[in-house]
Amino acid sequence: MNALEIRGLRLRLPGTARPVLDGVDLTVAAGETVALVGESGSGKTLTSRSALRLLPTGATTEGRVLVDGQDVLTMDAAHLRTLRTRKAAMIFQDPRAATNPLRRIGDFLTESVTLTKVMTRAAATERATELLDAVGLPATVLDRYPGQLSGGQLQRVMIAAALMGDPTLLLADEPTTALDVTSQAEVVALLDRLRERFGTGLLFVTHDLGLAAAISDRVCVMYVGRIAETGPADTLFAHPRHPYTAALLAAPPRLDAPAGRLAAIDGQPPDLRQELTGCAFAARCRLATDLCRTRAPEPVAAPADPGHLAACHHSELLEGSAAHA
Amino acid sequence: MNFLRFAARRLLEMAATLLGASFVVYGAMYLAPGSPASFLLSGRSASPAALQAINQQYHLDDPFLVRYLRWLGQVVRGDFGRSITYRTDVSTVLADRLPATLLLVAMALVIVLAAGLVLGWIGAVRGGATDSTILVTTTLAIGTPSFVAAVLLQGVFAVGLGWFPSSGAGEGLGDMLWHLTLPAIALALYLIGMLARVTRSAMLEALDGDHVTVARSRGVPERQVIGRHVFRNSLGTVLTTSGLIVSTLLVCTILVESAFSIGGIGQLLELSTTTKDFPTVQAVSLIIVALFMVVNLVVDLLHPLVDPRVTLGSRRNDA
Amino acid sequence: MSATALTRRPGFGRLAAARAPLHLISLAVVALVVAAALLAPWLAPYDPNQVDLGAALAGPSADHLLGVDAAGRDTLARLLLGARTSLLGPLGVVAFSTLAGIAVGVVAGWRGGWLDSALSRSTELVFAFPGMLLAVLIVAVSGEGLLAPVIALAVAYLPYVSRLTRSLVLAERERPYVAAHRVQGHSALQICLRHVVPNIAPVVLAQSAVNFGYALMDLAGLSFLGLGVPALTPDWGRMVFDGQTAIQHGYPLSAILPCLAIVLTVVAFNVVGERWADQVARRDPR
Chain A
1 MNALEIRGLR LRLPGTARPV LDGVDLTVAA GETVALVGES GSGKTLTSRS
51 ALRLLPTGAT TEGRVLVDGQ DVLTMDAAHL RTLRTRKAAM IFQDPRAATN
101 PLRRIGDFLT ESVTLTKVMT RAAATERATE LLDAVGLPAT VLDRYPGQLS
151 GGQLQRVMIA AALMGDPTLL LADEPTTALD VTSQAEVVAL LDRLRERFGT
201 GLLFVTHDLG LAAAISDRVC VMYVGRIAET GPADTLFAHP RHPYTAALLA
251 APPRLDAPAG RLAAIDGQPP DLRQELTGCA FAARCRLATD LCRTRAPEPV
301 AAPADPGHLA ACHHSELLEG SAAHA
Chain B
1 MNFLRFAARR LLEMAATLLG ASFVVYGAMY LAPGSPASFL LSGRSASPAA
51 LQAINQQYHL DDPFLVRYLR WLGQVVRGDF GRSITYRTDV STVLADRLPA
101 TLLLVAMALV IVLAAGLVLG WIGAVRGGAT DSTILVTTTL AIGTPSFVAA
151 VLLQGVFAVG LGWFPSSGAG EGLGDMLWHL TLPAIALALY LIGMLARVTR
201 SAMLEALDGD HVTVARSRGV PERQVIGRHV FRNSLGTVLT TSGLIVSTLL
251 VCTILVESAF SIGGIGQLLE LSTTTKDFPT VQAVSLIIVA LFMVVNLVVD
301 LLHPLVDPRV TLGSRRNDA
Chain C
1 MSATALTRRP GFGRLAAARA PLHLISLAVV ALVVAAALLA PWLAPYDPNQ
51 VDLGAALAGP SADHLLGVDA AGRDTLARLL LGARTSLLGP LGVVAFSTLA
101 GIAVGVVAGW RGGWLDSALS RSTELVFAFP GMLLAVLIVA VSGEGLLAPV
151 IALAVAYLPY VSRLTRSLVL AERERPYVAA HRVQGHSALQ ICLRHVVPNI
201 APVVLAQSAV NFGYALMDLA GLSFLGLGVP ALTPDWGRMV FDGQTAIQHG
251 YPLSAILPCL AIVLTVVAFN VVGERWADQV ARRDPR
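Taken in order, these protein sequences are the chains called A, B and C.
According to UniProt numbering, the first sequence holds residues 1 to 325 in order.
According to UniProt numbering, the second sequence holds residues 1 to 319 in order.
According to UniProt numbering, the third sequence holds residues 1 to 286 in order.
By construction, these hints were calculated from the structure, which means they are not laboratory data.
Please read these numbers as outputs of a predicted model, since none were measured by experiment.
A virtual CB, placed ideally from N, CA and C, is assigned to each residue, including glycine.
Don't take each hint at face value.
As the list claims (entries may be wrong) - Label pairs and their in silico Cβ distance ranges: (1) C:Val-34 with B:Asn-2: 51 to 57 Å; (2) C:His-195 with B:Ser-261: 43 to 49 Å; (3) C:His-195 with A:Ala-214: 40 to 46 Å; (4) C:Gly-59 with B:Ala-129: 18 to 24 Å; (5) B:Gly-128 with A:Ala-185: 43 to 49 Å; (6) C:Ser-117 with B:Arg-77: 55 to 61 Å; (7) A:Ala-214 with B:Asn-2: 55 to 61 Å; (8) B:Leu-69 with A:Arg-96: 36 to 42 Å.
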């Protein structure tokens, strides 16, 4: 069974003219790492949060989000709590903001499982100590306050916290953005190791293509609430079949660019207050034709690889072309 | 240890401010127009010999600083001089009247904390119409001075309905509690509004924090999310406010005790002011200022317990 | 991140809209009270001290629209003329404390050094005296009259203004235009008066507007105690005190009306002042 399976997820917010997520399909198999890549505002964070039903107030949804075979969007409160404590867990972008500065680390690690009576206090503390060891932190950290740890250490605590309920699915929302370069590499390596050791599926949300290539088995590229292209990491980067992916690869992020942003592609993503007809990328695309502007493309598999899908009317034009167009 | 050193430093600072306050309190009386002797005689004309005797008795011929230092020396030993109105030691008058005031302030404080925190909590968590209702109610409460509340409560619940006595402090604890209920509510009303506002906005700020989303995403039940991560995080602000709350309570006892004729130090201050009983005015003012400073000291010492980020001596509200 | 913008509490916008009518009502109340105070001598149907003992404690009638108090004086006339005293006092407090507070704050913030620390110390000393207590002390010394409590409260409120001014001046002093004017040879006094003070004025005035409500409450409390306002002058706080006896006799009207006047006025000024402070804070986030 897949750790996460999203089918036709459509999410609307009040005051917007079109769905923020528009028919997202995404699968994370058990033990697999999938990278979800996209710019700010592309909906990648919303997509990952939907797996925990962490939706903005007023949001309405269509479609299905299955975690471990159960539909997250329709389950009752008790099941949702079980899902959040034991089946899926999220590692957030900024560990400093994600921890309560007034409560001790030990308290933070154990609160989800003890307050929901999944474990006794003693068992929870024991597991917390084991997991701290697994992420390379001493047990003395339990009595510390978040303010006494570095950002890298805190993100390890967050990872340990996510593993407390032994989940089948880990969601990592740009877990390295707020860290310095050394900690980034360590955290990524650690996540990969732990995924293997505990057999969890990992959805890794990032705007960093290099990181996505390094860590993932498969990559999903998201643009304006839709999955533009998805495929095995190596083929997708070697032979992109969507002009957006190709453009991203052609313009790798500069080191001095502000974090959280992909390198410049001409133009802006369409505004949420406008309705969209046709392909979302058409306005910025070199290959766009009248067809692109009138009809939204469906994802189509590459002739050679049924696992490599792109939502583009003209993907054959990119066929075989190198990334550095 | 760090804590002891900090406490010692704050105590010293407090002593210095108290010294300054005592100088202001004593100096103010010295600046009063007309000679103190004429106040003592309250307008009656007296023979030069009688004036001489009074000047002698109250050391009115000595220079100001000498008199201040003598007074200060006595105050330190708990001797506030003799009350001109009551013809006894001021300290005796105070000892008689302090318990009623302290009980009144304590009752009001309990009411303020209970009602203010609950209203602030509900307003922040519920939102919507409940929140708007609480906002309007607290706005009204903040605009109601304690003496207005006192007179209105007295009219409705004491005179109109006869549920509570309309004046006096009562004898014995049970009776006193009964007598002081309306005054305590009158004293509390304004501060309930203020504390509810402060709690509400502090909780809304905490609710916006990512750590709240994280706690929810980990399946922590909502009630505990609010208790452990939202309310808990607003306690620092509440603690900082409580210094202001206690000082306001102390001062407003002057009004409320007068409205309900409770023979506490508040009413004593009012009476001794109108009768120009300076030793008593000085003593009561100094006690109110001292109590206020003690409360601030306690708040400062408690702050690191409530918020581990605050190291002793750094006040977050300075920022 | 898009998510942070979306997870905001959606109640906020609606709440601001729900509070708008409150703000409008408050503005209307402020206008009404100020108009009543200005026009009182022409509006008042009787002399506020004219005694008609036969009508004492009478309810509303064609002769006395809002009834008569225990001493036989017309309540409407006393309310209208009382508005003058009740507003004039706080106005004095706010004017004094704003002017002196700005002066102290600008000097402390601009000059810094020993002057700053001396001023900060004395500020702390004043903070130790709650405003009412200081006022009671000074009234004890000076006797009857509105001036003494007004000055006492102005002194008590001064630190709030001066501390705010000081922090604003500290920020303002670092701005480039100040250095530019210095280079051009303008004196410190000129720069402060022409540029710094006008720039920080909105924020400070908003603080003073909020102080107005508090000053009104404090002064009304003092006159409730019989301190400050001379005995025959009509004043709302004094009217509450006079009405207390009427309540004891079962005639609450002459006490309830001045209570209402005080609460409505304070609430109106608070709402208008806070709204102003909010707007200033939003326009000028420091």
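So, going through the hints one by one against the coordinates:
1. C:Val-34 with B:Asn-2: 51 to 57 Å: About 55 Å separates the Cβ atoms of Val-34 (chain C) and Asn-2 (chain B), which means 51 to 57 Å holds.
2. C:His-195 with B:Ser-261: 43 to 49 Å: At roughly 56 Å between Cβ atoms, Ser-261 (chain B) and His-195 (chain C) fall outside 43 to 49 Å, so the hint is violated.
3. C:His-195 with A:Ala-214: 40 to 46 Å: About 56 Å separates the Cβ atoms of His-195 (chain C) and Ala-214 (chain A), which means 40 to 46 Å is violated.
4. C:Gly-59 with B:Ala-129: 18 to 24 Å: 37 Å, violated
5. B:Gly-128 with A:Ala-185: 43 to 49 Å: Cβ of Gly-128 (chain B) to Cβ of Ala-185 (chain A): about 47 Å, so the range 43 to 49 Å holds.
6. C:Ser-117 with B:Arg-77: 55 to 61 Å: 33 Å, violated
7. A:Ala-214 with B:Asn-2: 55 to 61 Å: With a Cβ separation near 47 Å, Ala-214 (chain A) and Asn-2 (chain B) fall outside 55 to 61 Å, so the hint is violated.
8. B:Leu-69 with A:Arg-96: 36 to 42 Å: 55 Å, violated
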